[in-house]
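Chains as they are written, first to last, in this note's numbering: chain A, 10 to 172; chain B, 10 to 172; chain C, 10 to 172; chain D, 10 to 172; chain E, 10 to 172; chain F, 10 to 172.
Any given hint could turn out to be false.
Copies of the same chain look alike in the list, so a pair counts if it fits in one copy or across any two.
[What the hints assert, rightly or not] Here are the simulated lysine-lysine pairs, DSS-like style, with alpha carbons at most 27 Å apart: (1) K72 x K50; (2) K50 x K169; (3) K90 x K50; (4) K90 x K169.
If you are wondering where the hints come from, they were derived from the structure by calculation, not from laboratory data.
Protein chains: 6
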Amino acid sequence: MTVAMYPGSFDPVHNGHLAIIGVAASLFDQLIVAVGHNPAKESGMFTGPERLEMIEAAVEAEKLSGVRVVLFTGLVTDAAKAEGANCLVKGLRNGSDLDTELLQANMNLQSAGGGLHTVLLPGIGPDALISSRYVREIASRGGDVQPVVPEVVFDHLSRKFRD
Amino acid sequence: MTVAMYPGSFDPVHNGHLAIIGVAASLFDQLIVAVGHNPAKESGMFTGPERLEMIEAAVEAEKLSGVRVVLFTGLVTDAAKAEGANCLVKGLRNGSDLDTELLQANMNLQSAGGGLHTVLLPGIGPDALISSRYVREIASRGGDVQPVVPEVVFDHLSRKFRD
Amino acid sequence: MTVAMYPGSFDPVHNGHLAIIGVAASLFDQLIVAVGHNPAKESGMFTGPERLEMIEAAVEAEKLSGVRVVLFTGLVTDAAKAEGANCLVKGLRNGSDLDTELLQANMNLQSAGGGLHTVLLPGIGPDALISSRYVREIASRGGDVQPVVPEVVFDHLSRKFRD
Amino acid sequence: MTVAMYPGSFDPVHNGHLAIIGVAASLFDQLIVAVGHNPAKESGMFTGPERLEMIEAAVEAEKLSGVRVVLFTGLVTDAAKAEGANCLVKGLRNGSDLDTELLQANMNLQSAGGGLHTVLLPGIGPDALISSRYVREIASRGGDVQPVVPEVVFDHLSRKFRD
Amino acid sequence: MTVAMYPGSFDPVHNGHLAIIGVAASLFDQLIVAVGHNPAKESGMFTGPERLEMIEAAVEAEKLSGVRVVLFTGLVTDAAKAEGANCLVKGLRNGSDLDTELLQANMNLQSAGGGLHTVLLPGIGPDALISSRYVREIASRGGDVQPVVPEVVFDHLSRKFRD
Amino acid sequence: MTVAMYPGSFDPVHNGHLAIIGVAASLFDQLIVAVGHNPAKESGMFTGPERLEMIEAAVEAEKLSGVRVVLFTGLVTDAAKAEGANCLVKGLRNGSDLDTELLQANMNLQSAGGGLHTVLLPGIGPDALISSRYVREIASRGGDVQPVVPEVVFDHLSRKFRD
C-alpha cells in the first residue's frame, strides 16, 4: 500500500495545490496533505490550524476521497515516518521549482536513510501558474484572487481584508 | 493606442533597465516607467522619489522620448489601470527571471480580469547581465559600478558612499 | 507606428499560436504572421500555402483584426524588412524556448544592424503547453487533437488521416 | 489499483532507467515498462525485442517484482489504454527534460480526454546523469560504458562492437 | 601561474564543496578557499573562524594539497586581489545556480576592470545535490546529515545540537 | 601542469568561441582547441582542416599564446588522452547548454575512469549569445554575420556564398 505525503505551507491553499491533490489522491492508496507550521511561532498569513481547515473544506467541496490533512512541525522526513507515508509528492511548475525539488529530494532521501522517494506532479492547465505568495500579496492589497483560489479561501481572505 | 507600463523597484536604475526602456519606448505609443515603493516605510537604498529622479535624468540623458516616470504603491495592476496602461513590460535575463515572470504574468492577468498582458523583452548584449542587488552590494563596499550604471546613478552612489 | 512580425513554421497553427496572435494583435498597430517555408522543397506536413490558409481561417473565426498572414523564404530579418515590420514577436513557453529565443534575438539584432528587436509573449493559461510537433505526431497516429487546435486545422487533419 | 506505464525507447536501458524502474515499482501496484519501436522500420541501435530482453534481464538481476516489459508502436496514450495503465511515469534529470515532459504531459492529458496523468521521478544520486544517446556514442567508438549500464547491456555492447 | 579563489559562506562546508575543492586543487597551481563573513556581525550558524577550521580539517582529512583557506569580509573581487588570485571558481548544480553565477561573473568581471574570470565546476556524481541551507535545517531539527558532510562537520553539528 | 582541451565542431569558429579561447588560454598552462570531424565523411559546412585553419588564423590575429589547434575523430576522452590533456573546457551560454554539459561531463568522467574533469566558462558580455548553427543559416542566405565572427571566417563565408 502506498501512502503519499504532500507537504507544504499552504498559506493559503490555492487551485494549483488542489489540482495536485486531485491527481495524487487518484494515484495513491492514501494521500496525507501535511501542513508545516510552528505552533510556538506562527509566522504566516494564516495559522496552521486555519490553513488545515481551509484545505479540508476545499477537499470536501471537491469531493475528493482518500485525503487526510495533518499539521506538522519540524522535518518532513519525520512527519512522513510518523504518519506512515512511504513517498513524498510535490507539485512542479517550472525549472526553478525543479532545482529546489531535486535538492530537497536528495537531502530527504539521504537523511531518511534511502527509503523516502519524491514524486513530482507537473502543474499543467489553467491552474498551473499560481503561487501562495502572490495570492497573499494581491489579496492583502485589495486585488481579486477569486479565479485562483477555492471558495473557502476566497471567503477567508475577503473577511480578513474587509476589516 | 498602446500604453505600456514597465514596473519595478529600480533601486537604482542600471544600464540593463535603460536598454529595456529604450526598446520599449521605440515599440509602444507611450511608456510609463513605474517605480514601486512604500512612502510610509521606504526600505530601499534610495527613496522612491530619488529613484524616480535618477530614471528621469538617465532617460533625458539618453534623449528617449515618449517615456513618463511615475511612483506607485500597492498592486501593479491597479497602477496600470490608474495610468491607463494596457500592457506590462518586463526585462528577461534568464530562466529564473522567466519562471518568476510567468507566475506574475498569470496572476496579473487573472486578477485583472483577463485584459492586462505582459510583454517580455530579452536582455541581450553588453548590458544583459546586471542586477540592482549587486550594484548596491558592490557600490556600498567601495567597488566600481561605473561600467553598469548611468552617470547620474554613479554620481549618487559616489556621494552616498564617499561619506 | 509599430508593425510586428510573428514568424514561424505553423505546421500546423494551434491554439497556443492563436493565443499569441490574439495578444499581439491587441498590442501592435499591425501584426504580420509570417509562415516560413521553402517552395522549392516543401518539407512539412502541410505546404506553406496550406498553413497560411489555415491561419487565415482561424484568425477570421476568432474575429481578430489587424492581422495579415504572409509566406516567406529565407531569413526572418529579410522578411521583416520586406514587409516593413519593426519588431519580431515570439511565444515563450519555457526555459528551453527562452534559450533558443535569446540566441535568435541576438543573432537577428546583430545581423540586422541593431534595429530589429524581439518581443516575447509568455504562453500562460489552458493553451500554454502545445507543440506543433506533438500535434503532428498525435494526429498522424490517430490520436485526438481537437482540444488543442482550431476547427479548421482539426478538419484538415481529419481529412488527411482518414484517408 | 494503480498501474503505471514507463514509456521510452530504452536503446539501450541504462542505470538511470533502472533507478527509475526501482522507485516506480516500489510505489505502484504494477509497473509496465513500455518500449516504443516500429517493427516495420527498426531504427535504433538495438531492435525493439532486443531492448525488451535486456530490460527484462536487468530487472530480474535486480530482483524487482511487479514489473512487466512490453513493446508498443504508435501513441503512448493508446499503449496505456491497451495495457490498462492509469498513469505515466517519466524520469527527470534537468530543466530540458522538464520542458519536454510538461509539453508531453499536457498533450497526452488532453488527447486522452483528461484521465491520464504523468508522474515525474527525479534522477538523483550516482546514476542521475546518464543518457542512452551518449551510451551509444561512447560504446560504438570503443569507450567504456561499464559504470553506467547493467551487466547484460554491457555484454551486448561488447559483443556488438568487438566484431 | 594560476591562483584560483573559491569564495563562499561554507556554513558549513559539505561534501559537494569538498568535491569542488578536490577538482579545483588538481587543476590550478594554487587554490584559495575564501570564507566570507562579517566579524562585526556574525550571522551564520557557525562563525567565520569555525567555518574556516572545519574546511581546513576536512581538506587535511582528504589529503588535498595546494589548498589554503582564508577569511574575507567585503567584496570577492577585493579578496581576490588581496590574495593574488587570478580567477574565481564556483560550483554549479543546476540552472538556478547558473543564472546567479552568470550575473555574478559579469558583475565581478566588470567591476574588476575586466581581468577576473569565473570558472564553473559542475556538481556531478553522488555529492552533486547538497545545500548548506538544508544541512543546517535538517541538523538543527535532529535529522541525519552524516551522508552529506565530512566527519569534522558532523561532529560539530552533533555537539551543537546535542546540547 | 594543466593542459586543457576545448573540444567542439567549430563549424565555423565565432567570436563566442574566441572569447572562451582567450579566457582558457590565460588560465591554463596549455590550451588545445580540438576540432572534431570525420575525415571519411565530412558533413559540416567546412571540412575539418578548413575549420582548424580558420581557428589558427583567428588565434594568431588575436595574438593568443599557448594555444594549439588539432583535429580529432572519435571520442573526446580518447583525444584528451592522446594529447595529454587533463581537463576539458566548454563554453556555457544558458540552461540548455548546462543540461547537455552536465550529462557529457558525467559520461566523460565515468568512461574515462574518473580522472577527466570538465571546466565550464560562462559566456558573458557582447559575444555571449552566438551560435555556429545560426552563423551558417544567416550567411548561407545572404545575411550579415560580420559582427559575430572573426575576419578570417567572414572572408571564407563571403567567398563561399558569393559564388
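Hints and how they fare:
1. K72 x K50: neither (33 Å within a copy, 45 Å between copies)
2. K50 x K169: The answer is both: 20 Å in one copy and 22 Å across copies each meet 27 Å.
3. K90 x K50: within (24 Å within a copy, 38 Å between copies)
4. K90 x K169: For K90 and K169, the Cα distance is within 27 Å only across copies (25 Å; inside one copy 35 Å).
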